[in-house]
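Student: The residues making up each chain are set out below.
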Amino acid sequence: MKSRFDLSPPVRWLRAAAVVVAGLLALTACSTANPLTSATPSAGSSSAPATLVVGSQQYYSNEIIAELYAQALEAKGFKITRQFQIGQREVYLPELIAGKVDVFPEYSGNLLQYLDKAATAKSGAEVMAALPDALPDGLRILGAAEATDQDSYNVTKEFAAKHGLVSIEDLAKVGGAIKVGANSEFAKRPYGPIGLKGVYGLDVSVISIDDSGGPLTVKALKDGKIQLADIYSADPSIATNEFVTLTDPKNLILPQNVVPVVSAKVDTTAAAIIDKVSAELSTAELVGLNAISVKDQSSSAVIAKAWLTAKGLL
Amino acid sequence: MNLFAQAIAWLTDPANQGGPDGIWTRSLEHVWYTVIAVVLACLVAIPLGYLVGHTGRGRGLVVVSSGAARALPSLGVVTVAGLILGIGLTAPMIALILLAIPSILAGAYAGLEAIDRQTIDAARAVGMSEWQILTRVEMPLGLPLLLGGVRSAVLQVVATATLAAYVGSGGLGRPMFLGLKTQDYAQMLAASLVVVVLALVLEGAFELIERLAQRRFAPVPSTST
Amino acid sequence: MTWILANLDLIAARTLAHLALSLPAIVLAFVLSLPLGWFAARYTWSRLGVLTAFGLLYAVPSLPLFIVLPTIIGVGVRDAANVVAALTLYGMALMVRATTDALVSVDPAIRLSATAMGYSGLSRFVTVELPLAGPVLLAGLRVVSVSTISLVTVSGLLGVNNLGLLFTDGFQRGILAEVLAGIGAVVLLALAVDGLLVLIGRAAMPWARAVRAR
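As they're listed, the protein sequences go chains F, Z and E.
Following this note's numbering, the numbering of the first sequence begins with 13 at its first residue and continues without gaps.
Following this note's numbering, the numbering of the second sequence begins with 539 at its first residue and continues without gaps.
Following this note's numbering, the numbering of the third sequence begins with -6 at its first residue and continues without gaps.
For the record, the hints were derived by calculation from the structure and aren't laboratory data.
C-beta atoms are modelled at their ideal positions from N, C-alpha and C, and glycine is treated no differently.
Heads up, some of the hints might be wrong.
If you only want the chain F side, here are some residues facing chain E, beta carbon under 10 angstroms, derived [what the hints assert, rightly or not]: (1) 98; (2) 110; (3) 249.
The following block holds chain F by itself, in its conformation from the complex:
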């Protein structure tokens, strides 16, 4: 049969079948136990404290921050539904905009760049000033924490000593092809190879390792399979492995302050509670929280409870 080697029939089949399946799903949706679609909160009465949905990225450190917000709010009588590990920005931001999530820990620079591709802000203050206008209607930011967790370029101590590396600029001294280990999306990010070339005149090749600068990236750097690794600055592995984070004198990487994005359902009382958490959250504190998660392997709930108790926020 000739159509065996023709692409369109399977595609058409796929679509036809998908429509059939979707129709049947619509019929059966009521009967199947479904933990996901029931997440949308109903517009409740205004007298009792509202139920707030706290979300987090698919990133353990972000989940810990979300858990901090959640427990602090619960301690003051708010009812909280947790929607943690919601993928990356392209998955969770539409849910925030749709009103399915009310509180979400974000990172200022990346959020701005996602919302406004033409953003020109460079400093932390500029980013914070630009964010309110960039956010869609119905969403607002609360005060940012001092803590930052941003992409950073790291090399091993030996490699830094051998080539005398302090800043990203110094990489020009290395010569030859530099391999950078990072998530896939890094290849297209403004601070990725494009920025390294444009701002610092460096040529690099990207090895994609999709663990967000996690253990696989760290191992590749230690094994010398890559020379440069994109690791989040609050990742405790930088200190553990004595990696050298290269400074960024030309501000290639936007500052990423931890900043809560909230919906209109978050009133002034709730906002004040979240602000108190942000006020206590410095970069050192965040690295400490992450370290407990990676080393003691405690759950985010346990880590958050201990920290909030120590800070007198419960």
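Fit chains Z and E to the known structure of chain F by using the hints.
Tutor: Just chains Z and E, lined up with the frame of chain F:
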């Protein structure tokens, strides 16, 4: 669909075709990963399948363990192997080989089992040794079912080889993950379409091989797996 | 090991969510494959086309399907409906072929004698052909159930609640036990559902045991 048109446009853009990141290089890598994984899986699964099919021993064990192996989530296997072995091709290869083995194994022993016992008894009666029975009677007669098993293994591996990019290797998973994570869904879909086309080509090749095999060794007890 | 013991309730919750996504997909794939398989078995001219089209579905990488499907059927990426729809398609990729094979394997003489006894159309299909095709159908369904339960994990990359989240979280935090626990739970769940299917098959088709014991 608009997205499909964009994906086709992405594929036909010369900027996306050449070079080390181009779709041709990535496709070749992808086929290469598939071939290595299936060949290595065959080296393990076919002798084992013949042993089980010929002797009739250990069938229960093989059925249960290959059932469990089918349940192994490739994403989890890649993650574990990656955490232990680091970046490179070894971790995804382990996952792909584990993925391919059950189908090939089932094809190998089912092919032998499906043969009429009288045929084998007749071969034994005319004085064939066990080795001759295996190589001259059972292997040719079992070939169609074995090929069916290899065919489904190839199809599964082609679709799953995209996971190699998850732990730092190449293949069509690279443009796919890149498209996914940068919301360039046209690119993601384009890479997926190439995977489907590769599968189509391989399916076509297997259809031909199976027909040749059937013609050569007809009659066969069953037409498909 | 300590991680597993300290997080048993998390594993249990993820397992339940996993099951809630898998079971509807397995059932839907089975039910939707019946008419398609019947069609391909009945009309020989359509068989190669139908089987090839659905077989190729299996070659579509799952992650892109989870993203592209919502744009076609108009649901959210993380909605259960999306995941179930995608998994149903993969299930059908295997099940349509199995259903066709099962129906083709029914002895034509039996079909003719059923017709001679006055059975026709749907009633012959339901009361004669389907039961006779049962054992082969069950074999296909078992493969579908195992592969579906394994495949659900990929949607974890998009943040859908299931055992796949143990892989992504364990990957980032470098907790091998968490990833291994996820794999173990998936395999156990698949084997449990498989066992259940075998029991259901025995209850529904007591005559088949004699065949399998051969």
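Student: All the hints need checking, so say for each whether the structure fits it.
Tutor: Verification of the hints:
1. 98: Holds - the Cβ of residue 98 of chain F comes within 10 angstroms of chain E, reaching about 4 angstroms at its closest.
2. 110: holds, 8 angstroms
3. 249: Hint on residue 249 of chain F: holds, closest Cβ of chain E at ~8 angstroms, below 10 angstroms.
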